[in-house]
Amino acid sequence: MDNNTGKPTSNKLIYIIGGIALAIIAILLFLFLSNRQEYKAVVEEMTEEKLLLTEEFQSLATDYDSLHSNNDTLNLMLEQEREKITHLIEEIKTIKATNAHKIREYKKELSTLRGVMKNFVVQIDSLNRRNEELVQENIQYRKEHQKITESYKELEQKKKKLDKKVEIASQLETRNIEVSGLNARGNDTKKARNVSKIRVCCTVEKNITAQVGMKSIYIRILRPDEALLLTSLDNVFEYEDEEINYSAKREFEYGGEDVDVCIYYPAADGELLKGIYTVDIFVDGFNIGTNTFELK
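For the sequence shown, the positions run 15 to 310 when the working numbering is used.
Bear in mind the hints are in silico, worked out from the structure with no lab data behind them.
Note that the structure is predicted; figures quoted are calculated from it, not measured.
Errors might be hidden in some of the hints.
Claimed, not checked - List time: in silico SDA-like cross-link candidates among lysine to any residue, alpha-carbon distance up to 20 Å: (1) 107 to 95; (2) 229 to 284; (3) 211 to 284; (4) 175 to 263; (5) 263 to 215.
Said to hold, decoys possible - Label pairs and their in silico Cβ distance ranges: (6) 158 to 107: 19 to 25 Å; (7) 259 to 154: 19 to 25 Å; (8) 249 to 170: 32 to 38 Å.
Ideal placement from N, C-alpha and C gives every residue a C-beta, glycine not left out.
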């Protein structure tokens, strides 16, 4: 009788223990599933954070690509930062999203690189402003240089005109030009066949602006057929930037006052023709007088 009453009690205990075990298992299963869901959510969140971090680095790389400078040293530093960012992007792609420590390090690096970029922006803006100032200064310098050049050219033109006026003012002039033929005895003659010399005399007039000192006076005598009388083809002088032949020359001293000068041309036998001759007189590269005479 006592054995039969103990059996139901034992079964009841087994049921109670089994129920508790099932409850524990259910609780553990719930906790496992709940933690697993939370872990999955955390992983997804960290994966999203990694993607966002990668995008931010890529955006920063784009910002660095937009920076340009005319300074070689600054350009080299920019290139080094670009390479560094590219390397970090590749590193981020290889780490696990759950590596929170590394993610934090990359975030700090991102913040540092952004600060560096801001510094670059400030430097480039400063350089660009300075370059713009230099461009404006250069433009102003060119304008001023152009004005100076134009003023110089204007002064040169004025100087040339003034020099020309001085040159014209200092040009000697003649009066009383007389041309005659002389025979062998030194007497005047009009007959071409009897002339052994042609004498040209004139008065070089007073000119206070003309340079004083020894001067050369040249004459050119043209026959009626316009052939130049000369004794040698080597007898030349400069006139209007060219060397031309002369018939005769002599030296005389000019002191700024009137001075009488005579020049003689020795005529060769049969050289002279009948007709009208033209005589031009030159001093200091200027034609200072012209006259004509006739031989019969």
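> Is 19 to 25 Å right for how far apart the beta carbons of residue 158 and residue 107 are?
Replying inline: Distance hint for residue 158, residue 107 is violated at roughly 59 Å.
>> Tell me if the straight-line CA distance from residue 211 to residue 284 falls inside 20 Å.
In response: holds (12 Å)
> Do the alpha carbons of residue 175 and residue 263 lie within 20 Å of each other, as the hint requires?
Replying inline: Violated, at roughly 31 Å.
> Between residue 229 and residue 284, does the CA-CA distance stay at or below 20 Å?
Replying inline: The given pair, whose Cα atoms are some 32 Å apart, is violated under the 20 Å limit.
> Do the alpha carbons of residue 263 and residue 215 lie within 20 Å of each other, as the hint requires?
Replying inline: At roughly 12 Å apart (the allowed maximum being 20 Å), residue 215 and residue 263 satisfy the hint.
> For the pair supplied as a hint, residue 107 and residue 95, is the alpha-carbon distance within the 20 Å limit?
Replying inline: Satisfied, since the Cα-Cα distance of roughly 19 Å is no more than 20 Å.
> How does the Cβ-Cβ distance of residue 249 and residue 170 compare with 32 to 38 Å: does it lie in that range?
Replying inline: holds (36 Å)
>> Does the beta carbon distance between residue 259 and residue 154 stay inside 19 to 25 Å, or does it fall outside?
In response: Given range 19 to 25 Å: violated, Cβ gap about 58 Å.
Hint compliance for this structure: hints 2, 4, 6, 7 are broken, all remaining hints hold.
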